[in-house]
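Number of protein chains: 2
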Amino acid sequence: MSLLTLGSVAFDTLESPFGRRERTLGGSGVYASFAASFFTHSALIAAAGDDWLPEYSGLLRARGVDLEGLEIRANTKTSFWSGRYFANMNDRETLQYDGNVMSGDYIPIVPESYRDIEYVLLGNMSPLSGMALLDALHSPKLVVADTMDFYIRTMRDSLMTLLTRVDGLILNDSEAAFLTGIEHSDLRAAQRLLEFGPQFVVVKRGEYGAFWMTKEGEIYVVPAYPTLNVVDPTGAGDSFAGALLGCLAESRDLTPDNIKQALLYATVVASLNIEGFSLERFQFVKRAEIDERAKRFKAMLA
Amino acid sequence: MSLLTLGSVAFDTLESPFGRRERTLGGSGVYASFAASFFTHSALIAAAGDDWLPEYSGLLRARGVDLEGLEIRANTKTSFWSGRYFANMNDRETLQYDGNVMSGDYIPIVPESYRDIEYVLLGNMSPLSGMALLDALHSPKLVVADTMDFYIRTMRDSLMTLLTRVDGLILNDSEAAFLTGIEHSDLRAAQRLLEFGPQFVVVKRGEYGAFWMTKEGEIYVVPAYPTLNVVDPTGAGDSFAGALLGCLAESRDLTPDNIKQALLYATVVASLNIEGFSLERFQFVKRAEIDERAKRFKAMLA
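Heads up: the protein sequence lines correspond to chains A and B, in order. Quick note: the first sequence uses my numbering, first residue 128, plus one each step. Quick note: the second sequence uses my numbering, first residue 128, plus one each step.
Bound conformation, chain A alone:
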C-alpha cells in the first residue's frame, strides 16, 4: 500500500555539540517520507525552489521515495532553517527560518497518480496547505496531521478547522500544552485535544517516548529507545511520524497489536535517524537493521 506525505523539503544549517552542517538536506517531508519508505510505498508532496540540489532528490529516490509530487518552482527559493542544539540535545534554538516556496499560503499541486492514496500524513506544514491537499484527494481512509508551535501561534483558527477533518493528530508534549493551555499533564492535554475532532492523538515526549490515546480511552505507551549516540535530533519527530504512518499504511488496520507494533518501529526509526546529521546515517539504514533493533528494543520493554 501507499502513504502520501505532505511536508517540507528544506536546506538546514545545523549546530550541535557534535559539529556543524551547512545547507544540508532537511524538512519534515524529507524525514517523514524517508522513514515511511522502509515500510510501504512512500510518496511525497512538496515544493522546492530553483536552488534545489538534484542530488538531494537522489538521496530520497535511492530509498524508493516517489517524488512525482515534488515540484520545482522557478524564481523561488527552497525553505531554509537554521538551528542550534544545546548540550542536552532536546532544547534547541531557531536561528533563522525562511519558508520561501513553502510558506503558510503554499497550495500543493497533487499529481493524478496520488489522488487515490488512502493513507495521508500532513507533516509539519501550514494547516491551509494540509486542507488544500485533502480537497484534492478522492477517498482518504486515514489522515493524520503533525503540527508545531509555529502554526499553533500563527494559524490557530485554521489548525482547529483542520482538526475536524483528520483522524489523528500527532504532536509534541509542549505543543499539546500550548494548544490546550493544559500545562501539568500531557494525558489531560491529549484528552482535551480529542474534543477538537480527531479520533486519536499521539503525543511525543522526546527522550521519554510517546503515547497514543483514542477517543474511547485506549492508551498505548512506548518509551524512547535508549540510545547514547544522539548526534542531531533534527527530524526525530518527523521520522517517528513517517515510520508510524508507514507501518499503519502497510498493515491497513488499527488493531491494538498493529498500533503497538507501529509505535515500536517508529521509535526505532527515530533513534536511527538522530545518530547522524541530516540523512548521513539514515541513508545507510537497511530494513534488517531496523528489525534487529526493534527486536532488541522489544526485549528491553517490561
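Think of the hints as simulated: they come from the structure by calculation, not from any bench. A couple of the hints might just be wrong.
Because identical chains cannot be distinguished in the list, a pair is counted as satisfied if it fits within a single copy or across any two copies.
Straight-line C-alpha distance at most 20 Å; calculated SDA-like pairs for lysine to any residue [unchecked claim]:
1) Lys204 <-> Ile236
2) Lys387 <-> Lys422
3) Lys425 <-> Arg292
4) Lys422 <-> Asp384
5) Lys342 <-> Thr354
6) Lys422 <-> Glu402
7) Lys425 <-> Glu343
8) Lys342 <-> Glu322
9) Lys422 <-> Asp243
10) Lys342 <-> Thr382
11) Lys387 <-> Pro144
12) Lys268 <-> Gln326
13) Lys342 <-> Asn356
14) Lys425 <-> Leu314
15) Lys387 <-> Ala201
16) Lys268 <-> Gly191
17) Lys342 <-> Leu269
18) Lys387 <-> Arg423
19) Lys387 <-> Asp294
20) Lys422 <-> Glu345
21) Lys342 <-> Ala426
22) Lys387 <-> Gln326
The structure displayed is predicted, hence computed values, not measured ones.
Start from chain A and add chain B according to the hints.
Then chain B, alone, in the frame of chain A:
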C-alpha cells in the same frame, strides 16, 4: 522469601491541589515495606519517637508488615516532614523537615530474626544507617540502596562508601544528575554511577517511568502507568522501590524476565499509591487489583 527494608517512619503534613493532611502516616520505610508486602514477607527496621501513634503500626500490620524491627524510643520525637506539591504534581517544595529520632547518625537495632534475611532495601536514609545495618546482617544476597538529594548534599563521602557495598542503586533522574554532575543524559549518568560500585542502577523518571541498567550494558525500560488520578505523589519512589525489591525477593533470580516483571509491578504499585494521600487509598489495595492493573498496563505497552 523475605525483604528487609530500612527506612523512615514519619508524620507527614502534605498539601496538594487536592487537599491537605496533617501529621498523616509517611516515611520511606512505611511506603516501601507496605508496597513490598504485596509480593513477599516484608520486614521493616525503623525508629519512632514516643509520640508515635499505635494505629499507624496497625495499618502496616494489617498488610502483614513485620514490625519486630520498629523501635519506639523514649524522650524523642518521630521524624516529621511537611511539603507542598505544585499543579504539575511532580515539583514539590519541602516546608519543614525534622529527622528527630531517625537523623543522620541513627543506628538501627537489628532483631535477631532479621539477621538472616537475604534481600535488603536501604530506603531513603542516611548512608551511615545503611552501613550499620549491613554490618549486622549475616549474609545478604542482594542489597539495593535508594538515596535522595539531601544525603548527596550532606553526606557524599559516606554515600560513596556505601555504593561500594551494594548490588544496586535506585534514584531519581535529578539525583543521578546531581550525584554525577552529568546533567544532559540520565543514561550517561547511570553509566557513571555504575563505575562507583553497584552492579546495576535503576533511574526513576517520575511521570515518565524508569529504567534499569547493568554493568554489562543491559537496559530494561518501563514507562509510567498513565494515570490521570494523581492525588499525592508522596512515597511514589519508595513504593516503587519496595514493590521492585519485593518482587525480586520472591522470584530470587535476576533473569531479564524477572527484572522486567518486577519493573512492571513496581510501576503499577506506585500508580496505586499516588491515587490517595498517605495510605488512604493504598491500604485498601488487594493483590488482585494489582494483578488486574498490571495486565491492563502490559496491554498498553508496545
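Outcome of the hint check:
1. When the C-alpha separation of Lys204 and Ile236 is checked against a cutoff of 20 Å, the pair qualifies only within one copy, where the shortest distance is 17 Å, while the shortest distance between copies is 76 Å.
2. Both within a single protomer and between protomers do Lys387 and Lys422 lie at most 20 Å apart by alpha-carbon distance, with minima of 13 Å and 16 Å respectively.
3. In this assembly of identical chains, the alpha carbons of Lys425 and Arg292 never lie at most 20 Å apart, being 34 Å within a copy and 32 Å across copies at closest.
4. Taking CA atoms no more than 20 Å apart as the test, Lys422 paired with Asp384 passes in both settings, with 15 Å inside one copy and 15 Å between copies.
5. Taking the shortest alpha-carbon separations for Lys342 and Thr354, only the inter-copy value of 16 Å comes in at or below 20 Å, while the best intra-copy value is 32 Å.
6. Taking the shortest Cα distances, Lys422 and Glu402 sit within 20 Å of each other inside one copy (19 Å), while across copies they are farther apart (35 Å).
7. For the identical chains of this complex, Lys425 and Glu343 are inter-copy neighbours only, at 18 Å across copies versus 26 Å inside a copy, given an alpha-carbon limit of 20 Å.
8. In this assembly of identical chains, the alpha carbons of Lys342 and Glu322 lie at most 20 Å apart only when taken from the same copy (8 Å versus 46 Å across copies).
9. In the homo-oligomer, the alpha carbons of Lys422 and Asp243 never lie at most 20 Å apart, since the shortest distance is 34 Å inside one protomer and 41 Å across protomers.
10. In this homomeric assembly, Lys342 and Thr382 come within 20 Å of each other (Cα to Cα) only inside a single copy, at 15 Å, whereas the closest approach across copies is 38 Å.
11. Taking the shortest alpha-carbon separations for Lys387 and Pro144, neither the intra-copy value of 33 Å nor the inter-copy value of 34 Å comes in at or below 20 Å.
12. For the homomeric pair Lys268 and Gln326, the shortest alpha-carbon distance inside one copy (13 Å) is at most 20 Å, but the shortest distance between copies (51 Å) is not.
13. Proximity of Lys342 and Asn356 under a CA criterion of 20 Å is satisfied inter-copy only: 18 Å between copies versus 36 Å inside one chain copy.
14. For the identical chains of this complex, Lys425 and Leu314 are inter-copy neighbours only, at 18 Å across copies versus 24 Å inside a copy, given an alpha-carbon limit of 20 Å.
15. With identical chains, the CA atoms of Lys387 and Ala201 are never at most 20 Å apart, being 43 Å at best within one copy and 57 Å at best between copies.
16. For a Cα distance limit of 20 Å, the shortest separation of Lys268 from Gly191 qualifies neither inside one copy, at 23 Å, nor across copies, at 56 Å.
17. For the homomeric pair Lys342 and Leu269, the shortest alpha-carbon distance inside one copy (15 Å) is at most 20 Å, but the shortest distance between copies (45 Å) is not.
18. For a Cα distance limit of 20 Å, the shortest separation of Lys387 from Arg423 qualifies both inside one copy, at 16 Å, and across copies, at 14 Å.
19. Proximity of Lys387 to Asp294 under the C-alpha cut-off of 20 Å is restricted to the intra-copy arrangement: shortest distance 17 Å within a copy versus 34 Å between copies.
20. Taking the closest pair of Cα atoms, Lys422 and Glu345 come within 20 Å of each other only across two copies (14 Å); inside a single copy the shortest separation is 25 Å, beyond that limit.
21. Proximity of Lys342 and Ala426 under a CA criterion of 20 Å is satisfied inter-copy only: 17 Å between copies versus 30 Å inside one chain copy.
22. For a Cα distance limit of 20 Å, the shortest separation of Lys387 from Gln326 inside one copy, 16 Å, qualifies, whereas the shortest one across copies, 32 Å, does not.
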